[in-house]
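Asks: Can you make the complete structure from the sequences, with help from the hints?
The primary structure of each chain is shown beneath.
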Amino acid sequence: MNTLIWLPFLPLLGTLIPLFSSRYSRTACAFYTAALPALTLFLVLSYAGDIFQGERFQAAIPWIPNIGLELAFRLDGLALLFSILILGIGLLVILYARYYLSEKDPIGKFYAFLILFMFAMLGVVLSDNLIQLWFFWELTSISSFLLISFWGHKTEARKGARMALTVTGAGGLALLAGLLVLGNTVGSYSLQVVLDSGDLIKSSSNYPVIVVLVLLGAFTKSAQFPFHFWLPNAMAAPTPVSAYLHSATMVKAGIFLMARFYPALADTNLWFLIVSLTGLATFLMGAYIALFQHDLKGLLANSTISHLGLITLLLGMGTDLAAVAAVFHIINHAIFKASLFMAAGIIDHESGSRDMRQLNGLWKYMPYTATLAMVASASMAGVPLLNGFLSKEMFFTETLHQASLGSLSWIIPVLATLGGALAVAYSTRFIHDVFFNGEPINLPKTPHEPPRYMRVPVEILVGLCLLVGIFPGFLAGDLLASAASATLNGPIPEYSLSIWHGFNLPLLMSAIAVVGGLIVYKNRSHMFKFQAQFPKSNPLMVFEASVQFVTRQAGTLIRFTENGSLQRYIFAVLGLMVIMTISTLVKLNTTAGLRPEIPVDAMTITAAFLLCVSALATVIWHRKRVVALITLSVVGLIVSLAFAQFSAPDLALTQLSVEVVTVILLILALFFLPQKTPKESHPRIVIRDLSIASLIGGIIGTICYAIMTRPLDTISTFFTANSKTGGGGTNVVNVILVDFRGFDTLGEITVLGIAALGIYKLIARMRLFMPSSDGKGRPWSDDKHPILLSVISQSLLPLALLVSAYIFLRGHNLPGGGFIAGLITSVAIIQQYIAHGVIWIKTRLKLDYQILIGSGIGIATLSGLGSWAFGHAFLSSWFDYFYLPAIGKFELASAMIFDLGVYLTVVGATMLILANLGQLTTSERPVLKEDE
Amino acid sequence: MLDITITFVAAIICIALFLNLWRLLQGPTLSDRILALDTMYINAIALILLYGISSSSALYFEAALLIAMLGFVSTAALCKYLLRGDIIE
Amino acid sequence: MQHLSIFPILIPLLFGAIMLLPPISRELQSQRISAIIGTLFLLISSATLLITVDQEGTQLYALGGWQAPFGIALVADRVSSLLVLLTSFIAFAIMLFAISGKDKGGAYFHPLFMFQVMGINGAFLTGDIFNLFVFFEVLLIASYALLLHAGGKQKTQSAMHYVLLNLVGSSLFLFGLGILYGTLGTLNMADMAIKIGQLEGETTTIAKTGALLLLIVFGLKAAMLPMHFWLPRTYASASAPVAALFSIMTKVGIYSIFRVYTVIFGDEAGELANIAQNWLWPLALLTIAAGSIGAFASPNLKTLNANLVIVSSGSLLVCAALNSEGATSAALYYMVHSTLASAGLFLLADIIARQRGKAEDRIVHSRPFSQPRLIGFAFALSAMTLIGMPPLSGFVGKIMILQATQSMAQTLWIWPLIIISSLAALIALSRAGTTFFWRHNGSPSTDDIAAKPTEIAGIALLILASPLLVLFGGELSEFTQQAANHLHSIQSSAYSLLPGVTP
Amino acid sequence: MPFYLEIIICLSLIIGASFLFIGSYGLIRLPDIYMRLHSPTKASTLGITGVLVASMIFQSYEKGGFSVQELLITLFLLITAPIAANMIAKTALHHKIKPLKRTQNQDLIDSICEREEPKKADEKSV
Amino acid sequence: MKLFPMPFHSILLFVVWLLLNNSFSAGHIVLATFFAIGIPLLVGDMRDEHPKIQKPWLAIKYVLMVLKDIVSANIEVALLIIGPVYRLSPGFVAVPININSDLGITVLASTVSLTPGTVSAEVSKDKKWLYIHTLHLMNEAKLVEEIKSRYESPIKEIFGC
Amino acid sequence: MEGIYAFCVGLLTACGIFLTLRGRSFSVVIGLTLLSYAVNLFLFASGRLKLNAAAVLGQSEQYSDPLPQALVLTAIVIGFAMTAFAVILAMRARADLGNDHVDGTLPSNNEDSQRSGGQH
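Protein chains in written order, with the UniProt record's numbering: chain P, 1 to 932; chain A, 1 to 89; chain H, 1 to 503; chain Z, 1 to 126; chain W, 1 to 161; chain B, 1 to 120.
By construction, these hints were calculated from the structure, which means they are not laboratory data. Heads up, none of these hints are tricks.
Capping the alpha-carbon separation at 20 Å, the derived lysine to aspartate or glutamate pairs in EDC-like fashion look like this:
1. W:K127 / Z:E116
2. P:K846 / W:E49
3. W:K127 / Z:D110
4. Z:K96 / P:D783
5. W:K142 / W:E76
6. P:K784 / W:D102
7. W:K125 / Z:D110
8. W:K127 / W:E157
9. W:K125 / P:D783
10. P:K776 / Z:E114
11. P:K724 / P:D880
12. W:K55 / W:E157
13. W:K125 / Z:E117
14. P:K154 / P:D295
15. B:K50 / P:D601
16. H:K358 / H:D447
17. P:K154 / P:D348
18. Z:K63 / B:E61
19. P:K445 / P:D355
Replies: So, in structure tokens, the structure goes:
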């Protein structure tokens with residue numbers, strides 16, 4: 001029981017072995033690599049007896065219950081069959097690859113990928129949970145991608161692998177969707193539950209969706225028409241990979257999926273139509289195309305497609321016997337196709353070519369291999385006494401026994417016979433063209449027999465072909481029976497596995513197929529000529545071209561939308577805003593609320609008028625930058641007056657000082673920017689911008705009005721009530737800033753500090769454009785530091801500092817505070833810079849602004865941390881009143897330390913910004929000719 | 001009487017502000033505009049003080065003080081810009 | 001540890017401040033050491049916080065001792081503590097990466113990094129909407145500065161767009177805040193959630209405009225269409241550690257959307273219940289589409305990754321639009337996954353660009369890598385994670401999102417888009433990967449450009465987190481489920497945070 | 001408030017306002033920048049002093065103490081106004097703005113601009 | 001002296017602090033003293049060397065005189081402004097000065113600007129000439145003479161330069 | 001009064017937005033400054049307008065809402081920091097990219113825009 005849980009993980013453990021053992025000899029590496037799969041195979045086989053008795057092993061542990069994923073494995077007949085195929089053929093491929101790969105190829109990596117793939121495949125077949133099944137399903141896609149692209153330096157390998165990955169990946173996604181719907185419909189992701197609720201599924205309205213999605217997954221993986229195109233291009237992989245992936249495992253995953261969900265999904269018209277018709281089409285088309293391949297592996301790949309189509313067709317027919325036939329053919333196809341691929345690999349390996357136009361008459365050079373290959377391809381063609389014959393007979397029988405197409409049902413056996421004929425034809429071609437048909441033409445190497453052990457896997461497989469063909473019941477009976485029973489999730493129908501059923505219609509069909517195939521082969525030159533009329537379409541090219549087309553189109557689209565125009569980006573944001581807010585605001589019936597308005601007075605009107613006019617002037621003159629700056633100052637002034645009028649003295653102070661610093665900054669910047677803005681907006685754009693701007697202005701104004709005229713209950717009464725008692729200050733705004741919401745302020749000074757640091761970064765190593773003349777081409781004055789200004793500034797500095805100290809100290813109780821004080825100090829220092837220049841200051845003022853910022857933020861934080869010592873929360877304020885003789889009562893509060901931090905940060909940040917900016921220019925200023 | 005006077009004075013200062021604005025918009029030279037701005041600052045101080053009187057509150061004094069201090073800096077900076085381009089050098 | 005919930009904010013703040021002061025500010029080496037120590041502390045405290053929250057429930061921290069709704073409260077619930085831990089984790093990993101040389105090229109990298117982390121953590125933890133604004137600004141301004149780290153024309157250009165757009169965004173944020181305060185009279189999100197249900201008459205309409213304005217702001221941060229244009233260029237031009245750190249920034253926007261539109265404007269909001277969802281629907285889907293198209297069109301790996309960030313944003317927005325516990329849980333899981341994955345790939349892209357010489361990370365053939373195996377392996381892992389292929393974490397998140405859809409109409413819209421976007425990622429990343437690792441000419445560079453041990457460690461931390469997310473997916477998804485549960489119940493997300501207020 | 005105080009306040013307000021007004025009026029009325037400079041620097045300074053005096057008296061009375069903060073503003077303005085005027089004048093001169101035609105000694109402007117001694121220094125100096 | 005690098009400023013600061021706070025309480029006197037000593041120490045470096053006031057009483061007298069002049073100047077200018085503009089005859093005047101300290105020149109220039117009808121526009125590079133603009137220039141020589149005698153010489157005396 | 005106030009806020013917003021949509025960094029910065037004025041006024045107004053009601057205890061009978069004032073203060077400071085950054089960034093862009101267009105490249109249809117640029 002528990003073995004089952006870690007059984008699939010045994011090979012996974014093995015992925016590491018080759019990586020570490022590759023430093024030893026290649027043989028050792030192969031040997032060590034094979035150890036774990038062999039062990040796994042042994043363990044799996046140890047279950048076989050019980051399974052043949054009809055038992056089923058299941059084991060599960062929860063994993064991610066929220067998505068229905070659990071680690072659940074089951075080992076029933078179908079899983080057993082596939083496990084044996086995967087592990088058995090895998091072992092043979094490991095052996096084979098040891099000889100196939102050249103010294104240069106990193107064999108460790110190859111084995112690691114191979115084992116990884118083996119693990120994934122094993123996971124798929126052993127899964128007992130839908131999500132887990134998909135999990136491993138995708139793993140097979142990835143690991144097969146790695147294998148196919150093993151020779152990644154080759155373009156075909158890269159592209160082929162990518163195409164395989166894309167197609168199977170897409171299918172995998174569809175499968176995921178299908179499985180999720182399936183799980184939803186059933187209410188469980190447990191496979192057993194799903195298999196047991198076939199009726200529920202088939203009667204559900206989701207059924208078509210499930211079928212289509214699951215089949216998409218299966219068809220892409222199994223290279224069914226119209227998704228078949230990736231498989232031939234995956235032949236760029238090393239031949240051991242093809243032998244493994246494209247015969248027994250990867251492509252069979254799709255088939256496995258259909259078989260697995262057979263009880264749950266099959267046996268409806270929809271299923272029949274999709275599956276059998278797809279299978280039929282694939283069967284014929286693959287066979288037809290295979291005939292015209294000159295590449296040995298291309299032929300095999302297309303024949304694989306064809307055989308997969310055959311199995312699909314069988315699974316689609318919906319009869320129990322057909323399902324048995326399908327399972328049987330899965331076994332047979334795996335055996336003969338793996339051996340054929342290996343044989344092809346040997347031929348390629350020993351002769352250096354895979355082109356059947358060059359490869360001729362190899363019988364002479366490698367008779368032993370030729371014999372093996374011939375047996376295997378005879379099996380592929382369906383020659384009696386070989387395993388291929390048996391399942392093909394069953395197939396023909398089943399085509400005769402179905403009637404789903406009504407009166408047109410005869411078409412299916414006819415077409416099946418045609419397909420059989422084509423199979424015979426390409427098999428014959430494989431045999432005849434390669435081993436006979438004259439002498440080899442321009443082969444790179446002189447062919448010879450391969451190393452002894454390279455043939456061993458082929459021998460084993462061909463032996464199996466024969467043995468199964470002759471003693472089917474003995475060798476494959478139990479396996480087939482249990483697998484078929486698992487597929488059907490119930491009892492299996494009566495069938496006979498004997499070679500001889502007497503003369504009957506299927507035998508006749510076989511005979512027709514053989515004869516027809518030989519005739520077709522005989523007349524192949526006509527057909528080649530006929531086929532040559534069609535333009536050769538390389539799916540790889542088509543795929544690449546279409547990917548590139550999509551990429552190009554996407555690029556065009558992206559270049560159109562993300563055209564790098566900020567104006568457009570901002571417009572998009574604003575446009576969305578307009579749409580959103582207008583759609584809401586139209587529901588606002590009355591703008592004005594019930595709150596009585598304040599009566600208008602002359603001062604307000606004046607201020608409003610000044611504000612509006614200067615704002616408009618700023619807009620109108622924004623191209624004359626200095627003028628715009630002046631009008632902007634007016635706007636700022638009026639805004640601070642407005643704050644003052646509406647009872648916000650703190651705001652007025654802050655706004656004023658910030659405004660001045662901003663203007664100074666803008667003036668500084670203006671020097672390095674063009675003095676004027678060219679007129680470059682198209683009138684249409686201007687109109688557009690004007691309309692959106694006025695729309696937004698209207699919206700904001702309306703909302704503002706609507707809010708102001710409605711009464712409101714706020715939490716602020718708490719602040720006014722607790723400001724003095726809890727915060728120790730009478731200026732509620734300041735108490736909020738340093739106490740109630742001190743955390744905001746901490747963030748705010750951090751922002752300021754960061755801005756300064758960022759600006760410092762910006763300024764560093766900046767190469768500046770410095771105009772040697774102003775906007776009208778006038779040279780600058782040579783009076784760097786007007787003496788009147790310098791002298792007065794020196795006198796003003798102590799006064800300004802005093803004022804800032806004053807503002808700072810009173811902040812807690814009256815309008816003011818650390819921030820405004822900091823700005824005043826900064827402005828005072830800036831004025832010194834303006835009056836005296838950087839060099840003068842540098843020699844006199846030794847302040848590291850960066851340290852100021854750091855210590856400011858640090859002090860503010862530490863003042864907040866102080867409260868921890870008393871067991872209070874961060875930033876809990878503390879204040880008390882003290883009495884000193886002769887001075888009287890005074891207040892000390894932790895908020896003041898916090899405010900000091902604010903002050904320092906503000907000074908540091910502002911100065912770091914402005915002083916550095918100034919500093920930068922001084923050294924690089926273009927020298928003017930004084931006498932011009 | 002005080003109320004009437006204040007209203008009257010406020011009106012006068014408002015007119016003065018309008019006149020400043022006129023000059024500011026009219027120009028013709030940048031110096032004119034700066035001068036107008038400077039004058040505006042002074043008138044704004046008066047306005048604030050007046051508002052302080054009318055609302056009998058001393059809270060607005062600092063605003064006036066700040067305008068007096070900062071207005072000068074901003075004027076000086078603007079002039080320095082026109083003279084030298086770079087105000088901190 | 002009653003102060004635990006503020007540690008994730010204070011630690012980076014203090015470390016950032018200390019790094020500005022001598023003697024640490026003088027030497028790069030000591031800054032590096034303190035940065036590592038700082039992020040490590042941060043990681044430890046965040047993890048402790050998460051554990052505490054998981055065991056003891058939501059931690060409420062009233063700053064200054066002022067109880068909500070009057071003071072600012074930090075709310076460490078499952079959602080925020082998870083994201084804080086995520087932030088701290090990637091910060092640690094990125095810092096590990098950065099200290100081997102990427103922190104050169106400009107001053108103040110470490111303090112800015114710290115401040116940015118502080119801003120992100122603060123935005124996650126705060127329970128006050130204005131404080132959220134403040135932390136938004138902290139993280140934004142730090143990101144502006146960091147974006148310009150190590151200079152270059154492209155950076156300047158993209159920074160210009162990024163900064164100006166976000167400045168507009170900040171203005172809108174304040175408008176929205178003004179409207180909400182003007183109608184609700186409170187700033188605490190829990191309190192708002194309660195008061196919004198009591199609004200009457202046309203005030204609700206006004207409040208709605210405010211809410212929608214906020215949606216735009218958060219959408220801008222989250223790169224929601226049509227406001228995603230800034231993202232690809234910005235992320236692609238940022239230097240690797242910065243871009244990696246940015247990968248959590250879009251998540252801040254998403255997180256805010258969840259916070260605001262499931263808690264404040266959630267089911268209990270009366271007339272204003274679930275107002276955002278109608279808008280989110282189409283925009284989220286279009287965002288996925290736009291990101292996928294962008295991924296196709298990306299000329300280089302960083303842009304590609306940036307576009308995938310947009311796709312992940314779109315997927316998360318879809319979850320927000322779905323507005324169910326399952327969807328929120330899915331979103332939380334997906335957020336963790338996609339942040340780690342894209343951060344890892346951004347770092348990796350830098351190594352890739354460095355070893356490919358002139359070709360940098362453009363998807364063209366170039367000289368081979370000097371460490372092809374290591375890089376190839378890392379690339380494969382992170383590509384699979386981003387595509388959402390098992391066995392890496394992407395698929396769990398994707399499945400959770402897919403499972404969260406309820407109605408047929410939802411399924412019809414969401415599933416194809418999400419699936420197609422995965423396919424687009426697959427095609428784009430496989431194209432990039434095959435080109436990078438297999439299309440070569442010349443020989444690898446002989447310069448000393450090999451990834452340094454700490455760089456590898458940083459990348460490994462991020463990339464290898466992905467399989468762990470799958471391995472412990474059960475526990476994690478259980479956690480996110482509880483977190484979502486908490487977020488969707490107004491009882492736990494609002495009333496329980498306000499002592500003395502009962503429904 | 002005692003009547004005499006009210007009168008004083010009103011008077012100084014009105015005087016102040018008138019000067020402020022004249023200052024701004026001059027700004028409009030005078031024909032060139034150099035002349036305009038005079039009116040705000042002088043008239044407005046005095047005007048503001050008037051308002052300040054009014055405010056001083058008023059606030060002193062209101063607070064029942066002695067409020068002389070306003071003096072500080074006056075001090076500031078007295079210090080800064082001439083410098084501001086000087087800077088503006090420098091700017092105007094630097095930009096070579098033509099003064100009114102009838103301005104005397106226009107030939108000085110060039111040397112002022114260059115900040116050199118007057119070209120006709122010998123004749124002029126006393 | 002080291003405690004008071006700028007004695008004049010110290011006094012000024014002391015007074016201004018008390019002015020600002022409108023209070024003569026002990027606490028404010030302590031603070032005022034603190035700032036009066038502290039700020040000059042802080043900004044002591046931020047100054048060029050300037051001559052000290054040699055004759056404080058003369059300085060006070062000078063200030064009072066200037067204040068008186070300011071009032072008269074304002075009235076005078078106000079009348080000029082209101083009066084007919086066409087009668088004004090503005091003009092530039094170059095005033096030779098021989099104060100050799102920047103502070104002195106500044107004080108002179110400020111005074112000139114604040115007093116009747118004149119605005120100081122520029123100081124020549126060699127600091128020998130003060131250019132002024134007059135609103136109504138009637139007698140150039142007389143104006144120059146008046147400036148020199150009424151303002152320049154007291155300033156020279158006050159600063160002793 | 002409220003009407004006028006709202007009108008001013010709307011107008012400032014409109015002016016700010018219009019300038020923000022211009023192509024040159026300086027105009028955009030000016031626009032953002034205008035916009036931030038509007039924002040501050042708007043946020044301030046969310047606490048309703050009151051005359052003579054400064055929120056200083058003991059200075060008036062009734063108090064205006066102090067909270068929005070505190071918020072606006074924070075917003076002003078943050079706005080200042082942001083504007084400063086944007087301004088310097090604009091300079092940096094000019095230095096790095098050679099022009100002051102927000103997109104870093106001049107629109108192709110305009111040749112004479114370079115004229116306003118200065119020398120190094």
